[in-house]
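6 protein chains.
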Amino acid sequence: MTQPPISRFPVPSIESLPSDIKERILAVQEKSGFVPNVFLALAYRPDEFRAFFAYNDAVMEKDSGLSKTEREMIVVATSATNQCHYCVISHGAVLRIRAKNPLIADQIANNYRKADIGPRQRAMLDFAIKVCLNAQATSTQDFETLRSHGFSDDDIWDIAAIAGFFALSNRMASVAEIRPNDEFYMMGRMPKS
Amino acid sequence: MTQPPISRFPVPSIESLPSDIKERILAVQEKSGFVPNVFLALAYRPDEFRAFFAYNDAVMEKDSGLSKTEREMIVVATSATNQCHYCVISHGAVLRIRAKNPLIADQIANNYRKADIGPRQRAMLDFAIKVCLNAQATSTQDFETLRSHGFSDDDIWDIAAIAGFFALSNRMASVAEIRPNDEFYMMGRMPKS
Amino acid sequence: MTQPPISRFPVPSIESLPSDIKERILAVQEKSGFVPNVFLALAYRPDEFRAFFAYNDAVMEKDSGLSKTEREMIVVATSATNQCHYCVISHGAVLRIRAKNPLIADQIANNYRKADIGPRQRAMLDFAIKVCLNAQATSTQDFETLRSHGFSDDDIWDIAAIAGFFALSNRMASVAEIRPNDEFYMMGRMPKS
Amino acid sequence: MTQPPISRFPVPSIESLPSDIKERILAVQEKSGFVPNVFLALAYRPDEFRAFFAYNDAVMEKDSGLSKTEREMIVVATSATNQCHYCVISHGAVLRIRAKNPLIADQIANNYRKADIGPRQRAMLDFAIKVCLNAQATSTQDFETLRSHGFSDDDIWDIAAIAGFFALSNRMASVAEIRPNDEFYMMGRMPKS
Amino acid sequence: MTQPPISRFPVPSIESLPSDIKERILAVQEKSGFVPNVFLALAYRPDEFRAFFAYNDAVMEKDSGLSKTEREMIVVATSATNQCHYCVISHGAVLRIRAKNPLIADQIANNYRKADIGPRQRAMLDFAIKVCLNAQATSTQDFETLRSHGFSDDDIWDIAAIAGFFALSNRMASVAEIRPNDEFYMMGRMPKS
Amino acid sequence: MTQPPISRFPVPSIESLPSDIKERILAVQEKSGFVPNVFLALAYRPDEFRAFFAYNDAVMEKDSGLSKTEREMIVVATSATNQCHYCVISHGAVLRIRAKNPLIADQIANNYRKADIGPRQRAMLDFAIKVCLNAQATSTQDFETLRSHGFSDDDIWDIAAIAGFFALSNRMASVAEIRPNDEFYMMGRMPKS
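Protein chains in written order, with the numbering used here: chain A, -15 to 177; chain B, -15 to 177; chain C, -15 to 177; chain D, -15 to 177; chain E, -15 to 177; chain F, -15 to 177.
The set of hints was computed from the structure by calculation and includes no laboratory data. Just to be clear, a hint being listed does not mean it is correct.
[What the hints assert, rightly or not] Straight line, CA to CA, 35 Å or less: simulated DSBU-like cross-link-like pairs of lysine-lysine:
1) D:K84 - E:K15
2) D:K6 - C:K46
3) F:K6 - E:K6
[To be verified] Pair by pair, the computed Cβ-Cβ distance ranges are:
4) C:N40 - A:D31: 24 to 34 Å
5) C:E45 - D:P(-6): 20 to 30 Å
6) B:D47 - A:R8: 38 to 48 Å
7) E:K15 - D:S3: 56 to 66 Å
8) E:G17 - F:D47: 31 to 41 Å
9) E:R104 - D:V12: 30 to 40 Å
10) C:E45 - D:R8: 17 to 27 Å
By construction, the Cβ of each residue, glycine as well, lies at the ideal position given by its N, Cα and C atoms.
Could you put together the complete structure from these sequences and hints?
This is the structure:
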């Protein structure tokens, strides 16, 4: 059977890409063992690719008051709300690995209100979903609720920035129908021996 | 009367900023006669600032099958749907100037379906609003409708990328309550003599 | 370029109208310097015209616990929610003039939650929007909230009556596609010298 | 048991009312055998009362391309969508009488799509509900659909005007919690002998 | 005039049915004086018929902390929310009879928030509607609110089970367009002499 | 670490159950290697348990024009729309096994419009989601669309019955917070060797 396309738009060959983009893709391949399709699909537009991953690194990779697990929870919860195949499947895998928990990603993708999380993470995701669906109604009251759970204003910026960045990411992935690599579905589901 | 704050978060002084960001802001000030508040508010996070404006330049400033007026129409229509003060007021000003039309921004912000636009721009905005509100339901049928109005697949990517980028931008501006500069309200409303 | 039509329906000439309607229109023209299009568009149905403006006068012009500025705020906020071109553009102009504030109408039209208003006016608009969108869920609790901001029961009736009357007005203007006069866009934006 | 109040607001005695309003109410009482509560509740504001019933008469009582039964169908369908007790119960009674059909009002109040009506009335109610819920999206296409069912543009104005007037009426009745008279519940349910 | 069909699907004759189903239907006919159409329409699928009425009996007929009137209120409120002709008309009749109140069914079908019910029943219906529309958001807070009105956890299960069972029932009746018998419309409206 | 509870309500011990229910549960345990929690949670109410599983067997287990894979697709798509943890996780496992496809359940749970399914299954799920969310608007047009994809009227009943039954099932599982067994998450993800 032929493999379905990974994007509605043309997908460049790795060799044809500008060297900085090629290097980033090869580094990811080295680390993961495969090239996540979002890299190939977005490389169709090199300038957007560079800005996209620079934003991603700024909100997902730096040190922050949010743990890496919490950041992935925000990605999975908001991307599920936006019904984004690529982001839920791929970041679901990352969340399972970060959290060392094979159940948490499916729980959050389905209904974070019933997931195995505590009140701090519940408040974090309530706010992330408000940013996802109704940012225009955010208010001082939301900030106060988050502060009462120990979040600083910098943490609140981070929650909003992650939910905001995936508002962009989900829309591009849904319109382009970027296909999650098959590898993601199983990642993080088995205990490492 | 004291001026209301321009952001919920700390706003750095221009002098304190990294030199590349300072230069960008001074160049905008030179051109516009004032510093749009979004530059100051986002400069609180230099790495996000750089990625944000790199994305903006990639989707708003390059040559494209969409005219600059059309791109501003997409910004105003989707930002109004998201009820984003900063983006509607500031890009409304840019749209009036680009279109040399003092009415079009208020029309599109209120209800693009009743605005003075033709069928091509109506189809463009219908799709932009779908990306804004329901990207998960975009389909081949949408691509065919847009192609029937003369849009190429590259144009469709551009529409989605602009709607997607302002999905991010609107959310950050709403959560941070970035205040549009007073100057924007009047820009482009009077014929140049 | 030909002027777009001001209504989907036939527009009577002023001369052809019954004398009471003609007089009202000429009085408005005398005061404003132009005839607002809603007068011409609705004059197609004289009996409805008379009832419409009698209602308008009863809820917008009489002495009341709500200031004239506050009444215009309700019109702009609810008409923006209903995406009514005519009412937002024309009453936006009136609001700027009444409030002597060139920014307030665009702020309220876009997102009253982030506008430069105090808690009393915020509570007033929260209730007006509830009447606009979900009057069936209004309750004693809403009355108590409004009373705690100093509104009397008569004031609450007024808020509901204005939101209700523009529920009618917005629907007629949207279906008939009544076009706001170009004059409205600039009114109240410049300080009087 | 004490009778529940008929309005959240003060209800004037008939004797205390201006003579034109008193006469109208007594005429209704003469004809119906009781005073419908909406007359008493709205008489609290005589000027609004006069405008309200003038509008009502203009859209509900005059000769028109819509039959009186069809006009009541529009009232019941839109008032049910707005969950308005007073209007659904009272105009449901009128609809049963006008249509000489004891079933039609409950059918339309519940779900007009499954009611015993033909394609013309279905198209009429589809448009009325669009005016009720989403007038800002009405378009030339809606006019064409209605014309294909034999409606003139004057008929389309009438449908919109009735849906618009009850948008106002429903909101006032819901906020004031105007109580339908017990008499309405049984009216028109039994064949006249 | 020919009678409209009672279902979109084939309707078996009573004689052709398995004996247990035939007996149940004849018993209902004996008691009510007519065969409610839902029995004939669902008998098209005997196994589903048996499970459906077994479920119905389990949640509607057994002894419980909810009175039979309260259970019918839940049916009418949730079925009206789902705009189900058959269930609102038929259970509206049952509710009038159980409550010995000719007004209550129409009130609850239209807008239970404005019906003649007390705070306990209001809390019960608020929860039933949440189960109807948004069960995924139910939480410990809902349980606490219900307990504060005197409902046991078993009562809460019952409310959810009735709202859940009619979520099924309403969907089958709407898709099959099961027609309520004409007899239901008048039942319980007249005082028994 | 203690295991979280499997239901908000009391969970009976298998030994304490009526013999028919005990037998059914032991048979499932024999076949699956564990007792799915829904059996224990619902056994709290034996009569409802019996009716629930009789309904389940009638719509999910009998021969039908829908394949068993297709029936599980309907369950997963509608249960995901209702954000039901138990049903999506458990029936996702069954769907993977029935379809011998480790990807399909996560795809359909996230966004069936972008899943690896053909036009027949797409039409089937479009209708199932309409029954799930808006059954009151189903119409002859839906039947015609389904027939054009080869579905018989009996198949349409089956789609509606499955979507309807899980409308019930999802609501009970969400209110009771029935916890999916950990075993389900991995089932069907690995090729059988």
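Check the structure against each numbered hint from earlier and tell me which ones fail, lowest number first. 4 and 6
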